[in-house]
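K.L.:
Given chain X, work out where chain Y should sit, using these hints.
What follows is the residue order along each chain.
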Amino acid sequence: MDLTQAVILTIMTAATPLLLAAIGELVVERSGVLNLGVEGMIIMGAAVAFAVAKVSGNPYLGALCGALTGAAFSLLFGFLTLTLVTNQVATGLSLTILGLGLSGMIGESFVGQAGVPLNEIAIPVLSSIPFVGPLLFNQDIIFYISILLIFGVSWFLFRTRAGLRLRAIGDNHHSAHALGTPVIRTRYLAVMFGGACAGLAGAQLCLVYTPQWVENMSAGRGWIALALVVFGSWRPLRVLAGAYLFGAVTIGQLHAQALGVAIPSQFLSALPYLATIVVLVLISRNRRLTLMNTPACLGQGFVPDR
Amino acid sequence: MRIELERRRQQSPLFSIFSPFLALLLTILAGVIIFWMLGKNPFSALFSFFVEPLTEVWSLHELTIKAAPLIIIAVGLSVCFRSNNWNIGAEGQFIMGAIAGSILPVLLPNMQGYYVLPLMVVMGMLGGGAYAAIPALLKTRFNTNEILSSLMLVYVAQLFLDWLVRGAWRNPEGFNFPETREFHDYAVLPELFPSSGPTNYGFVFAIIVTLLTWFMMRHMLKGFEVSVLGQSTRAGRFAGFSNSRMVFFAFLFSGALAGLAGISEVSGAIERLQPVISPGYGFTAIIVAFLGRLNPLGIFAAGLVLALTYLGGEAAQISIGLPDKIADVFQGLLLFFVLGCDTLINYRVKFVLDRAVKEGGAS
Numbered sequence: 040m041d042l043t044q045a046v047i048l049t050i051m052t053a054a055t056p057l058l059l060a061a062i063g064e065l066v067v068e069r070s071g072v073l074n075l076g077v078e079g080m081i082i083m084g085a086a087v088a089f090a091v092a093k094v095s096g097n098p099y100l101g102a103l104c105g106a107l108t109g110a111a112f113s114l115l116f117g118f119l120t121l122t123l124v125t126n127q128v129a130t131g132l133s134l135t136i137l138g139l140g141l142s143g144m145i146g147e148s149f150v151g152q153a154g155v156p157l158n159e160i161a162i163p164v165l166s167s168i169p170f171v172g173p174l175l176f177n178q179d180i181i182f183y184i185s186i187l188l189i190f191g192v193s194w195f196l197f198r199t200r201a202g203l204r205l206r207a208i209g210d211n212h213h214s215a216h217a218l219g220t221p222v223i224r225t226r227y228l229a230v231m232f233g234g235a236c237a238g239l240a241g242a243q244l245c246l247v248y249t250p251q252w253v254e255n256m257s258a259g260r261g262w263i264a265l266a267l268v269v270f271g272s273w274r275p276l277r278v279l280a281g282a283y284l285f286g287a288v289t290i291g292q293l294h295a296q297a298l299g300v301a302i303p304s305q306f307l308s309a310l311p312y313l314a315t316i317v318v319l320v321l322i323s324r325n326r327r328l329t330l331m332n333t334p335a336c337l338g339q340g341f342v343p344d345r
Numbered sequence: 104m105r106i107e108l109e110r111r112r113q114q115s116p117l118f119s120i121f122s123p124f125l126a127l128l129l130t131i132l133a134g135v136i137i138f139w140m141l142g143k144n145p146f147s148a149l150f151s152f153f154v155e156p157l158t159e160v161w162s163l164h165e166l167t168i169k170a171a172p173l174i175i176i177a178v179g180l181s182v183c184f185r186s187n188n189w190n191i192g193a194e195g196q197f198i199m200g201a202i203a204g205s206i207l208p209v210l211l212p213n214m215q216g217y218y219v220l221p222l223m224v225v226m227g228m229l230g231g232g233a234y235a236a237i238p239a240l241l242k243t244r245f246n247t248n249e250i251l252s253s254l255m256l257v258y259v260a261q262l263f264l265d266w267l268v269r270g271a272w273r274n275p276e277g278f279n280f281p282e283t284r285e286f287h288d289y290a291v292l293p294e295l296f297p298s299s300g301p302t303n304y305g306f307v308f309a310i311i312v313t314l315l316t317w318f319m320m321r322h323m324l325k326g327f328e329v330s331v332l333g334q335s336t337r338a339g340r341f342a343g344f345s346n347s348r349m350v351f352f353a354f355l356f357s358g359a360l361a362g363l364a365g366i367s368e369v370s371g372a373i374e375r376l377q378p379v380i381s382p383g384y385g386f387t388a389i390i391v392a393f394l395g396r397l398n399p400l401g402i403f404a405a406g407l408v409l410a411l412t413y414l415g416g417e418a419a420q421i422s423i424g425l426p427d428k429i430a431d432v433f434q435g436l437l438l439f440f441v442l443g444c445d446t447l448i449n450y451r452v453k454f455v456l457d458r459a460v461k462e463g464g465a466s
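Line order of the protein sequences matches chains X and Y. Per the working numbering, the very first residue in the first sequence carries number 40; after that it's consecutive. Per the working numbering, the very first residue in the second sequence carries number 104; after that it's consecutive.
Bound conformation, chain X alone:
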């Protein structure tokens, strides 16, 4: 494997958690719900995935439990915002605060221990294609899932009846309700899907990216994922592009730090966050375009009338 390949590979590994969390949140937001608890769901997924993988010795079981934890955790948010119609911004924040606290307690006894990494699965024949093969077809299972999810979600949202219903709910929940579409139930499912994706993103962090448990290891990725959804203007393929762009920025600054570039490391570390702001500005600048893409009922509570 040459250097270019190695760099691209690290970029892909850095991009996968962002991609997973963002594609989950994309579905949630398309249904009209704004869940700011992505960061909390990622870190909970990471803590549980690490603990389960460590105790059972099976990283696949760990990843599965990470995803399930994310989904279960998101139900807390779902119950409050969907059943009790609380403020979505504040509820999402409390999910993040709670997740950071709980994960710290779960992970406390695992600090400093070596993790159980997920191994690559080489796909026969395809993985021996020169250059592209080792990059795309010799990866861990979470990478394959992330790519399948992008195309799966894209197909679901724009090619199936259920996807159309979900988008309708996000754009006008009153009309959708009047037509007999189950608004609350659909949103619950979307929120749980988002939770599972975020949990899996967390599992990737502690089983693939850096196989160990570090407190607050999600380091703002949940928030970057939220920004990626806006960046991708709620379209899966653009989110894919955005995630890889951010993976490149993250890895680029790490390489620059390693090479000892004459810029203080803190400024390089701040790059992904600054890049997020710049990208948000560039995308949102065009008010008409933003208004056209944003799900119209995003963040609004819905109480069915009878």
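Quick caveat, the hints were computed from the structure, so don't treat them as lab data. It is possible that part of the hints are untrue.
Unchecked claim - Simulated crosslink set (DSSO-like; lysine-lysine; CA at most 30 Å straight-line):
| hint | chain 1 | residue 1 | chain 2 | residue 2 |
| --- | --- | --- | --- | --- |
| 1 | X | Lys93 | Y | Lys325 |
| 2 | Y | Lys143 | Y | Lys428 |
| 3 | Y | Lys428 | X | Lys93 |
Said to hold, decoys possible - Far from chain Y, by Cβ distances over 10 Å, these chain X residues were calculated:
| hint | residue |
| --- | --- |
| 4 | Tyr99 |
| 5 | Ile162 |
| 6 | Trp194 |
| 7 | Pro303 |
Backbone N, C-alpha and C fix where the C-beta goes; we use that ideal spot for every residue, glycine too.
P.N.:
Relative to chain X, chain Y alone:
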């Protein structure tokens, strides 16, 4: 069985008052369950978490020191939230306020006199306000989501502080420790009752800020403007209020207060800059704001309650060997319960059996 909501004709006066208390009660119940699951005696654990810190004069002093920044930040945030602007980067504005206010004692240590402290406070507020102006500018000029931009700036501020104390501002006589020189006496916020404990004028700031903001929101046109624009931008426009000016006002107000909290914290409690100067006050203050129902007087009480969770977390770590992260867990749970209980103010919650719904013909 399902849960259905029925909108009340008017807000329930009963739950308007009792919902925060109900939330506290539910949090304590959840605490009992958590302690029990961790194999600790729930009642002695709760005692050392919530009661013990209140039994000694020394820890009461600590309580005011922790409560002051929470109250100051949360009062600012309440105005911002009421105007329907979501500044969740108070943590970053706190840090930037602390940095801006520390310019004098760190870079000009020979400038000494009674005028230094007031200047530091003003510079701290300017620093926090200026940092908060960034998301406001991006929101008004470029339509950028203020939640994300203000939050991203928190990470940037933390890294900037880290760079300062390890690099340009590091104490030349500090044996390479990542901290600035200690503030000289004129730059330290005086203690209120030096004979009994370390509480300082930060708590007085909290009282003043609370009262002034309460007065503004209750008796001044500006407060009315905040509420109107917060509830309906359209209605506000008819009244001649400008929404983009309100965005700036809300962010500058909450940012300046976060900056005030920041400079009070470093000049009162830490007396120097170091890589980490806040245990997450900027985020906890969001909980304080909601627990206080976005009312300055309520926030004052809520700040004391949340300060107690910090002390309780430390106590639980020492006396019953629980990780201090338990404080975060309590804070997160508390916000959940506060938000959930607030639903009772506007809605009647009904438990409906599924069969009954089918008979009614609707779902």
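K.L.:
So, for every hint listed, does it hold in this structure?
P.N.:
Hints versus structure:
1. X:Lys93 <-> Y:Lys325: Measuring from Cα to Cα gives roughly 57 Å; hence the hint is violated.
2. Y:Lys143 <-> Y:Lys428: Cα-Cα ~16 Å, so holds.
3. Y:Lys428 <-> X:Lys93: holds, 21 Å
4. Tyr99: Non-interface label on Tyr99 of chain X holds, nearest chain Y Cβ at 27 Å vs cutoff 10 Å.
5. Ile162: holds, 37 Å
6. Trp194: holds, 28 Å
7. Pro303: Non-interface label on Pro303 of chain X violated, nearest chain Y Cβ at 5 Å vs cutoff 10 Å.
When each numbered hint is compared with the structure, violations occur for hints 1 and 7.
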